[in-house]
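> Going down the list, the protein sequences come from chains A and B.
Residue numbering for the first sequence follows this note's numbering, starting at 1 and increasing by one per position.
Residue numbering for the second sequence follows this note's numbering, starting at 1 and increasing by one per position.
No lab work stands behind these hints: they were computed from the structure.
A couple of the hints might just be wrong.
[As the list claims (entries may be wrong)] Here are the simulated DSS-like cross-link-like pairs (lysine-lysine), alpha carbons at most 30 Å apart as the crow flies:
no.: 1; chain 1: A; residue 1: Lys232; chain 2: B; residue 2: Lys309
no.: 2; chain 1: A; residue 1: Lys232; chain 2: B; residue 2: Lys77
no.: 3; chain 1: A; residue 1: Lys246; chain 2: B; residue 2: Lys77
no.: 4; chain 1: B; residue 1: Lys94; chain 2: B; residue 2: Lys77
no.: 5; chain 1: B; residue 1: Lys309; chain 2: A; residue 2: Lys20
[What the hints assert, rightly or not] From the derived model, a few chain A residues whose C-beta atoms are all more than 12 Å from chain B:
no.: 6; residue: Phe38
no.: 7; residue: Lys89
no.: 8; residue: Lys153
no.: 9; residue: Pro194
Don't be surprised by glycine CBs; every beta carbon is placed ideally from N, CA and C.
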Amino acid sequence: MKIMVAIKRVVDYAVKIRVKPDKTGVETNNVKMSMNPFCEIALEEAIRIKESGLATEVVAVSVGLAQCVDTIRTGLAMGADRGIHVEWKGEGLGLGPLNVAKVLRALVEMEEPRLLILGKQAIDDDCNQTGQMVAGLLNWPQGTFASKVVLDKEKQTVMVDREVDGGLETLCLDLPAVITTDLRLNQPRYATLPNIMKAKSKPIKKVTFEDLKVKVKSDIEVIQVTEPPKRKAGVILSSVDELINKLKNEARVI
Amino acid sequence: MAINVTLFRALRTQRSTIALSRFISTLILTEHDGSFVKSSSVSAIVAAKSLGEDNSISMLLAGSGPSLEEAAADAAKCHPSVSQVLVADSDKFKYHLAEPWAKLVELVQRRGGYSHIIAASSSFGKNILPRAAALLDASPITDVVEILGSHQFVRPIYAGNALSTVRYSGDQPCMLTIRSTSFLVSTESRLGTAAISQVDLSTIDEEIVGKSRYVGCSSQDAERPDLGNARIVITGGRGLKSAENFKMIEKLAEKLGAAVGATRAAVDAGFVPNELQVGQTGKIVAPELYMAFGVSGAIQHLAGIRDSKVIVAVNKDADAPIFQVADYGLVGDLFDVVPELIEKLPEKQLAV
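Only chain A is shown next, with the shape it has when bound in the complex:
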């Protein structure tokens, strides 16, 4: 069974981002970039499923600038077998989940995996849409915000525990299916040096939008990017009595 994992290259989660003075976006020049943490979790889950003998191949795919290849290489070093890069030359947060979903659908039709795993959201645009959209386009069942995934190869189903507002919900999906990963699904491994060396010889195929017959639809325009309102500076108090007093008489919240 083949598993496809979609990964995204984003600004590293620990970076304190700055909004560009011209308000066209967020400063990404000379800023550390990494694989989106949710995508790492997605890849880790796919590799674990392969290691348990339930899958034979993990394909890591990414849609974006040329530098995405570095992120795919990291994925190969973690344990994916091969990569696919769909190059897009545009700017910033421009491509959007609908277009990425259409590309992923085309890749799925090309590669025929039984499972497509993605991170639930990218930490740059925080959209939380792509997995749901590609599932809709493929007419596949979806298990979003997964905190546990258990494959049943014989029945060709997958049990997914989902983190939802009220707690945990368990669904049983027929394969092929789309899963999006939440934080607690697993702890991704670090790529070891021998695996980083091995990854250099694993293939990364280049595919274009034309190859996939996907036409980019631009229906969202970014007007500006601004900083959120700053909170007024606070005060450090010296006792619980002072705190209670402030909350009661100054802030009037209790």
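Using the hints, position chain B against chain A.
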């Protein structure tokens, strides 16, 4: 009954003939909890109102059985701006699975031609709306915090460290999920009730149904105030050190009639269940008072609390980033501070 159907048909005809006008009609994907419409869906109505003056607002409910009927009755009187309630009654919708729901939205949209479709940014809305958007070939705009016009919206990016103002330039429908903490519900009473009508499901595509099956769920004790709309939230972080110690946070919360929240670190460590997590990928809260104990203040946690009116932080480490956003900070040991607070605070405050 006949009057309701006539009204529905009249509205539908009106919508399809006024193709070029700026007539706004909104479909609200409504979440209900047993017999009541969830307040997050009422926030979606508030958001719909700010799209523009002339807006015909319809609520779409799905489910099965008597609780659905009760929820529909509640929807019909929950807000003065609702003109219609559409009800999809079938076993398929019993557990709010995304696959049948998305097909339902597609069906209702193709018949009704709404200019906008809105859901709250809850796990229900986040799960369903994007899938429906793909079926309708529209890019959705999720987690909207401000509406500037019928097609212009503000949403947070980079864990709320930046705000992106976007314009939807595609064909209808314009599809949104909204943050309920940004669209507050005030108690507006209404005279009479909106018309309720049944959605004809005979032509719905059955193929996908059954490929996804609900197995079960585990949820927390419903007695505590809901984290999403509590007036006061008390959060514990890694500094609590154990699940046992969290009881202290719960006691303080009880004293104040507050909801209990937690950081990712506390949930990962097993101190509390996942539904208490507040932050970029957990719940977004905007209470009047947010108190954080043993919380360092990571970027991802702050993303979930930015819009709180008053933030209080208690931490042993004077350099903890949380103090940069706290209105009132106390550098000290939470194991001394929390018991002292429990002792000295006035008894449970009723909502004002």
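> Minimum C-beta separation from Lys153(A) to chain B exceeding 12 Å: can you confirm that?
Check passes; 17 Å lies beyond 12 Å.
> So if I understand the rule, the pair passes when the alpha-carbon distance is 30 Å or less; does Lys232(A) with Lys77(B) pass?
Violated, at about 40 Å.
> Below or equal to 30 Å on CA atoms is what counts here, so check Lys246(A) against Lys77(B).
violated (40 Å)
> Closest CB-CB distance from Lys89(A) to chain B, is it above 12 Å?
Consistent with the label, Lys89(A) stays out of reach of chain B, its closest Cβ about 20 Å off (over 12 Å).
> Hey, Lys232(A) versus Lys309(B), does the alpha-carbon distance stay inside 30 Å?
holds (11 Å)
> Between the alpha carbons of Lys309(B) and Lys20(A), is the straight-line distance 30 Å or under?
Satisfied, since the Cα-Cα distance of roughly 28 Å is no more than 30 Å.
> Verify that the Cβ of Phe38(A) lies farther than 12 Å from every Cβ atom of chain B, and report whether the claim holds or is violated.
Given that some Cβ of chain B is not farther than 12 Å from that of Phe38(A), nearest at about 8 Å, it is violated.
> With a cut-off of 30 Å on the C-alpha distance, tell me whether Lys94(B) and Lys77(B) pass.
holds (23 Å)
> So is Pro194(A) really clear of chain B, every C-beta pair being over 12 Å apart?
Its Cβ never comes within 12 Å of chain B, the nearest being 29 Å, so this holds.
Checked against the numbered hints given earlier, this structure breaks hints 2, 3 and 6; the rest are met.
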